[in-house]
Amino acid sequence: MHFTYCPTCGGKTVPKQMGDDGAVPYCSTCSRPLFDMFSTCVLSVLRNARGEVALIRQSYGQQETYVGVAGYMKPGETAEQAALRELQEEIGVKAEQLTFLFSAWHETKGQLMLCFSAYVPDADFSLSCEVREAKWFSASEAGQAVRPGSIIERLVKAACKC
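Straight run, no breaks: the sequence shown in the working numbering ends on number 605.
It should be emphasised that the hints constitute simulated quantities derived from the structure, not laboratory data.
Treat the hints with care, since some could be wrong.
[Said to hold, decoys possible] Below are the DSS-like pairs computed for lysine-lysine, each with C-alpha atoms no more than 30 Å apart in a straight line: (1) K537 - K517; (2) K604 - K552; (3) K537 - K459; (4) K578 - K552; (5) K600 - K517; (6) K600 - K552; (7) K600 - K537; (8) K517 - K552; (9) K552 - K459.
[To be verified] Distance windows between CB atoms, simulated: (10) D567 - T451: 43 to 53 Å; (11) E532 - R475: 33 to 43 Å; (12) Q505 - D479: 47 to 57 Å; (13) D463 - P564: 17 to 27 Å; (14) P458 - A601: 19 to 29 Å; (15) Y515 - A601: 38 to 48 Å; (16) K578 - V457: 19 to 29 Å.
Idealized CB from N, CA, C, for every residue including glycine.
Let the sequences and hints guide you as you build the complete structure.
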């Protein structure tokens, strides 16, 4: 999000040189720079004791390929808390372990994706209305079930180390 108006006072911003950042929208009334903002999201794959990977199909949007469990972070929430919450909300699983693997910029959506691998010995799914299907895949099947070249493909490979 690029600020044209100050979210605090509603005044129009003006460009102001801010050191290495260059020209930044600035509110003269609040004496405050307003740096560009973007959404931060979490993306997780769930693994089990059999070495399988859980992937989902959402009930909205693109449904041809499988994706990981993802969602937006809430104010005051850590990335780890958000990842665990999304797994619980979307597929009804309480993961026992969570490991941060990497971050990636989702160019199309303008979002920072924080990518995790989660573990549970075994689990049955309880799907939210956002999820049409959840399924366990072998590591090789999981790599084929996702969109080639996607962040989720990279995450599946990193989580499975395949």
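For each hint, the structure was consulted:
1. Restraint check for K537 and K517: the C-alpha separation of about 19 Å stays at or below 30 Å, so the hint holds.
2. Taking the CA atoms of K604 and K552, the gap is about 27 Å. The hint holds against a cut of 30 Å.
3. For the hint pairing K537 with K459, the CA-to-CA distance comes to about 47 Å; that exceeds 30 Å, so the pair is violated.
4. Among the hinted pairs, K578 with K552 is consistent with the structure: their alpha-carbon atoms are about 26 Å apart, no more than 30 Å.
5. A threshold of 30 Å between alpha carbons decides the hint, and for K600 with K517 the separation of about 28 Å falls inside it, so the pair holds.
6. Only pairs whose Cα atoms come within 30 Å are accepted, and K600 paired with K552 is accepted, the gap being roughly 22 Å.
7. Proposed proximity of K600 and K537 is supported: the alpha carbons are some 22 Å apart, at most 30 Å.
8. At most 30 Å may separate the alpha-carbon atoms for a hinted pair to count; K517 and K552 meet this at roughly 18 Å.
9. The straight-line distance between the Cα atoms of K552 and K459 is roughly 27 Å, inside the 30 Å bound, and the hint therefore holds.
10. Checked against the given bound of 43 to 53 Å, the beta carbons of D567 and T451, roughly 48 Å apart, stay inside it.
11. At roughly 35 Å, the beta carbons of E532 and R475 sit within the given window of 33 to 43 Å.
12. The hinted window of 47 to 57 Å between Q505 and D479 is violated, with their beta carbons roughly 27 Å apart.
13. A C-beta distance of roughly 48 Å is found between D463 and P564, which places it outside the suggested range of 17 to 27 Å.
14. Distance hint check for P458 and A601: the Cβ-Cβ separation is about 40 Å, which falls outside the suggested range of 19 to 29 Å.
15. A hinted range of 38 to 48 Å for the beta carbons of Y515 and A601 is inconsistent with their spacing of about 22 Å.
16. Checked against the given bound of 19 to 29 Å, the beta carbons of K578 and V457, roughly 53 Å apart, lie outside it.
Consistency note: the structure conflicts with the earlier hints numbered 3, 12, 13, 14, 15 and 16.
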